[in-house]
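Engineer: Spelled out, the chains give:
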Amino acid sequence: MSSAIRVQQVAKRFGSVQALAGVDLDIRQGEFFGLLGPNGAGKTTLISALAGLVRLDSGHIEVMGCDVITDYRNARRQLGVVPQELVFDPFFSVRETLRIQCGYFGIRQSRTRDAWIDEILENLDLTSKADANMRALSGGMKRRVLVAQALAHRPPVIVLDEPTAGVDVELRQALWQFIRRLNNDGHTVVLTTHYLEEAESLCGRIAMLKAGKVVALDTTANLLRSFSTHALRLKPAQGAALPAVLRSRAENKEGVWTIAFDRFEEIEPVLAELRAAGCSLDDLEIGKPDLEDVFIRVMRGKVETEAGAEVRA
Amino acid sequence: MTGFFTLFYKEVLRFWKVGFQTVAAPVMTALLYLLIFSHVLESHVQVYPGVTYTAFLVPGLVMMSVLQNAFANSSSSLIQSKVTGSIIFVLLPPISYRAFYLAYVLAAVLRGIVVGAGVLLATLWFAPLQFAEPLWIIVFAMLGGGILACLGVIAGIWADKFDQLAAFQNFIILPLTFLSGVFYSIHTLPPFWQLMSHWNPIFYMIDGFRHGFFGVSDVSPWQSFAIVTTCFVLLSALTLEMLKRGYKLRA
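Going down the list, the protein sequences come from chains F and R. So the first sequence is numbered by numbering that gives the first Met the number 0: it starts at 0 and just counts up by one. So the second sequence is numbered by numbering that gives the first Met the number 0: it starts at 0 and just counts up by one.
No lab work stands behind these hints: they were computed from the structure. Note that CB positions come from ideal geometry on N, CA and C, so glycine has one too. There may be inaccurate statements among the hints.
If we take Cβ atoms under 7 Å as the criterion, some of the chain R residues that face chain F in the derived model are [what the hints assert, rightly or not]:
1) T1
2) G2
3) K9
4) R13
5) K16
6) G18
7) Q20
8) V22
9) S85
10) I87
11) P92
12) P93
13) R249
14) A250
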């Protein structure tokens with residue numbers, strides 16, 4: 000399948016800060032792609048470069064085959080961006096805002112345009128606020144309008160830069176339901192978020208950025224398999240001590256011992272050791288691999304070399 | 000072209016929605032200037048033969064309103080959207096830098112003309128006006144408004160905060176406007192200040208505009224036209240270059 004976004008050797012420096020240091024990415028059409036990384040990793044700079052808000056020092060970016068510099072008009076028509084900040088124009092109503100947004104992208108006044116605006120408003124539960132001034136909306140409503148603005152020109156590629164920051168659970172779920180539907184309809188979705196459980200449940204593939212570089216890139220399933228394991232968490236009863244043979248392979252955090260394992264057959268020998276040592280437990284828990292674990296390990300650099308060597312597109 | 004028309008429409012709608020502040024208030028201010036200055040100076044000053052001081056003052060006040068409001072429109076729109084972050088909505092779409100320039104400048108000129116027309120209508124009652132060479136009135140209003148609109152775009156892009164824009168407006172635009180012959184003919188000034196006035200481009204805008212009403216002026220309207228046109232071309236080129244490079248707009 001052809002690329003929705005192709006990023007080649009992209010570098011950008013702001014003064015002494017190297018925001019992007021040779022990023023390569025190839026996001027395929029129809030993907031739900033996650034872009035993760037700590038603050039300052041370069042996620043927003045990369046999105047800004049995609050949208051033409053930042054000029055690159057070197058490298059190329061294409062959106063649906065259109066270069067964002069030399070063919071910026073077509074590239075921007077293919078892209079809808081939901082910015083991180085809650086920005087709005089205080090002079091206009093929601094409907095005016097969306098009509099103006101359509102006009103910016105060359106969509107003339109027409110019945111089709113108004114029908115599409117009505118559809119977006121309905122899907123984002125904004126119909127009752129259509130004629131309200133932007134200033135009168137709550138933060139969550141303003142966030143929905145930002146999503147609506149990004150969709151106004153029906154772009155095939157949608158980029159969401161931390162769209163659920165500070166958003167309540169109900170709106171978050173409604174938003175993801177809508178974005179999932181857009182993805183099912185064929186839209187490519189690129190998401191940055193600090194909520195790793197969101198990325199884990201939504202994204203088919205994930206890239207992790209650190210100091211302007213891609214340090215991990217793979218399908219979510221492969222990342223979980225490669226960098227995270229199941230965990231057996233044991234809390235010995237008062238006065239009981241974990242056998243020495245288990246201690247050597249366990250990590251202790253506030254009295255809870257964690258033993259990593261890959262296959263469930265590895266649990267029984269652990270339990271046998273506990274029985275043999277007469278160690279009784281207050282609590283036992285089996286933890287599933289999660290993206291947070293992957294993220295922490297990648298960002299701590301424990302697997303950086305391995306990740307760098309095993310970057311898979 | 001739809002992108003340009005939409006941006007132009009958005010800019011016009013923006014000032015129209017707060018019309019009391021952007022149109023009615025400047026008309027009121029100009030009217031107060033007229034009442035106070037004409038009351039104090041009407042019987043003491045006659046600049047051109049057969050033209051009362053109040054009649055002399057009206058075109059100056061009209062042009063001053065055109066200029067100040069053209070500047071205010073483009074500069075305040077840009078700084079406001081930069082500070083609030085909503086500038087992103089005009090940077091993300093496929094709008095060319097030329098369309099951006101045209102939309103902001105034309106909307107600012109339109110606001111200047113609307114306020115100027117308002118001042119003219121409101122002051123008609125106070126002084127009988129002539130329209131000796133109306134083409135000059137239109138030409139200088141458009142060019143003057145265009146120059147100040149460009150300056151507004153430049154200042155709006157350059158300034159990072161409202162304070163810097165206020166400094167630009169109060170320490171550059173306002174003195175140049177007030178010392179340009181709105182309230183007097185420069186022939187009444189001492190030689191040094193007469194010379195200084197000739198370095199002030201706004202003097203030529205006011206003088207040429209006034210020529211359209213009375214058919215007389217301090218310098219030839221053709222000289223004023225040449226100077227004002229040159230200023231407009233140079234400032235437009237600078238504005239377009241800033242927008243093309245994305246100066247302070249695209250990092």
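Engineer: Does each hint fit the structure? Answer for all of them.
Structural biologist: Evaluation of the provided hints:
no.: 1; hint: T1; verdict: holds (5 Å)
no.: 2; hint: G2; verdict: holds (5 Å)
no.: 3; hint: K9; verdict: holds (5 Å)
no.: 4; hint: R13; verdict: holds (5 Å)
no.: 5; hint: K16; verdict: holds (5 Å)
no.: 6; hint: G18; verdict: violated (12 Å)
no.: 7; hint: Q20; verdict: violated (12 Å)
no.: 8; hint: V22; verdict: violated (15 Å)
no.: 9; hint: S85; verdict: holds (5 Å)
no.: 10; hint: I87; verdict: holds (6 Å)
no.: 11; hint: P92; verdict: holds (4 Å)
no.: 12; hint: P93; verdict: holds (4 Å)
no.: 13; hint: R249; verdict: holds (6 Å)
no.: 14; hint: A250; verdict: holds (5 Å)
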